[in-house]
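Novice: Here is what each chain is made of, one letter per residue.
2 protein chains.
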Amino acid sequence: MKTEIGAVNALPTPTTLVGATVNGKPTYTTIAWVGVIGRTTLFVSVNKQRYIISGIRENQTFSVNLPSENLVKETDYCGIKSGKDVDKSALFKSFYGKLKTAPMIQECPLNMECRVVKTFDTPTHDVFIGEIVSTHCEDSALVDGNVTLGNLKPFLYSMTDKGYWKIGKKLANAWEIGKNIK
Amino acid sequence: MKTEIGAVNALPTPTTLVGATVNGKPTYTTIAWVGVIGRTTLFVSVNKQRYIISGIRENQTFSVNLPSENLVKETDYCGIKSGKDVDKSALFKSFYGKLKTAPMIQECPLNMECRVVKTFDTPTHDVFIGEIVSTHCEDSALVDGNVTLGNLKPFLYSMTDKGYWKIGKKLANAWEIGKNIK
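Residue numbers (this note's numbering), protein chains in the order written: chain Z, 1024 to 1205; chain X, 1024 to 1205.
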């Protein structure tokens, strides 16, 4: 039996740490309102009240860092605390790739540095669409040169139950298991 | 040690079945390029070659259905096969809520019916931003009236390893576990 529960957004989403440069310093904030737009494009939806937003607007660059389970406390903290009040760059070791204003987090096993290619406005959030310029991955998460999700140990955010959820085992190969359906 | 692997999009995303009405009939397609934009808004990025796209453009409505692990074969099939060639509505029992052109899948434990509020164009995909009009959830996935991710048993898609991945256990409470970091 199904129940109609109103306009509830129950899509689970990956938990990320988004990085940018504000006032010449790295800062990071927790964002799960992220997603894939195209093969090398993604978006982040950033609340207009967030400290980080001025840095993304100014430099038109940001990074998306995927924390592993072991960083869940730090990740949650970066969503609770504002960069106005605390220096979140002190929590992590920052590094840079091709973009000198998109700091990335060494402790996260996967980092994508992005250049803003489009922005659109909603009443509460700026949505930044980023072209991935380069991706950096821990060798332990690469299998035959491909990023393997299970090795990254990322976690999801679920708005409806306010929970972080682990990734489980591989269920099936995509573009394959459905081939033989009649 | 990290390796720079080029512009690789390694963000994991939820696997969904998107529904719409094409030529007066329900059709469904598999899309993992979906995400949360705002509290009651989400987006789907739909390849311009997909059969379903004319229906979303015409009616300005669509549904997002979250399949459970037991539907992995059917879900993969809906991504491999085109509605031009097969009648995918025959795979599922369709039902309707408030929007009469946004068919939903009975077998999926979570269904969100959406009205398009904005569209933007990329070279290969139309990105439809939908306002959720109403959400329908299996009672078994509701705990104290809230959708609980673990009970939905959805699965993720990972582009880099072409895999579907299960959801694991709850890792922590969001907005809580990071409170006491020093």
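A portion of the hints provided could be inaccurate.
[As the list claims (entries may be wrong)] Capping the alpha-carbon separation at 27 Å, the derived lysine-lysine pairs in DSS-like fashion look like this:
1. LYS1192(X) to LYS1202(X)
2. LYS1189(Z) to LYS1202(X)
3. LYS1205(X) to LYS1048(Z)
4. LYS1202(X) to LYS1096(Z)
5. LYS1185(Z) to LYS1025(Z)
6. LYS1104(Z) to LYS1193(Z)
7. LYS1192(X) to LYS1193(Z)
8. LYS1141(X) to LYS1121(X)
9. LYS1096(X) to LYS1192(X)
10. LYS1176(Z) to LYS1202(X)
11. LYS1176(X) to LYS1192(Z)
12. LYS1176(Z) to LYS1141(X)
13. LYS1104(Z) to LYS1071(Z)
14. LYS1104(X) to LYS1176(X)
15. LYS1121(Z) to LYS1025(X)
No lab work stands behind these hints: they were computed from the structure.
Novice: Hint by hint, say whether it matches the structure.
Specialist: Evaluated hints:
1. LYS1192(X) to LYS1202(X): holds (21 Å)
2. LYS1189(Z) to LYS1202(X): Judged against 27 Å, a Cα distance of about 20 Å means the pair holds.
3. LYS1205(X) to LYS1048(Z): Within the cut-off at roughly 21 Å; holds.
4. LYS1202(X) to LYS1096(Z): holds (8 Å)
5. LYS1185(Z) to LYS1025(Z): holds (22 Å)
6. LYS1104(Z) to LYS1193(Z): Roughly 34 Å between the alpha carbons, so the hint for LYS1104(Z) and LYS1193(Z) is violated.
7. LYS1192(X) to LYS1193(Z): holds (14 Å)
8. LYS1141(X) to LYS1121(X): Holds, at roughly 20 Å.
9. LYS1096(X) to LYS1192(X): Answer holds: LYS1096(X) to LYS1192(X) is near 23 Å, not above 27 Å.
10. LYS1176(Z) to LYS1202(X): holds (22 Å)
11. LYS1176(X) to LYS1192(Z): Distance ~12 Å between LYS1176(X) and LYS1192(Z) Cα, so the pair holds.
12. LYS1176(Z) to LYS1141(X): violated (34 Å)
13. LYS1104(Z) to LYS1071(Z): Holds: LYS1104(Z) and LYS1071(Z) sit about 15 Å apart, inside 27 Å.
14. LYS1104(X) to LYS1176(X): Since the Cα atoms of LYS1104(X) and LYS1176(X) sit roughly 24 Å apart, the hinted pair holds (cutoff 27 Å).
15. LYS1121(Z) to LYS1025(X): It holds: about 15 Å lies between the C-alpha atoms, which stays within 27 Å.
In the structure shown, a violation is registered for the earlier hints numbered 6 and 12, in ascending order.
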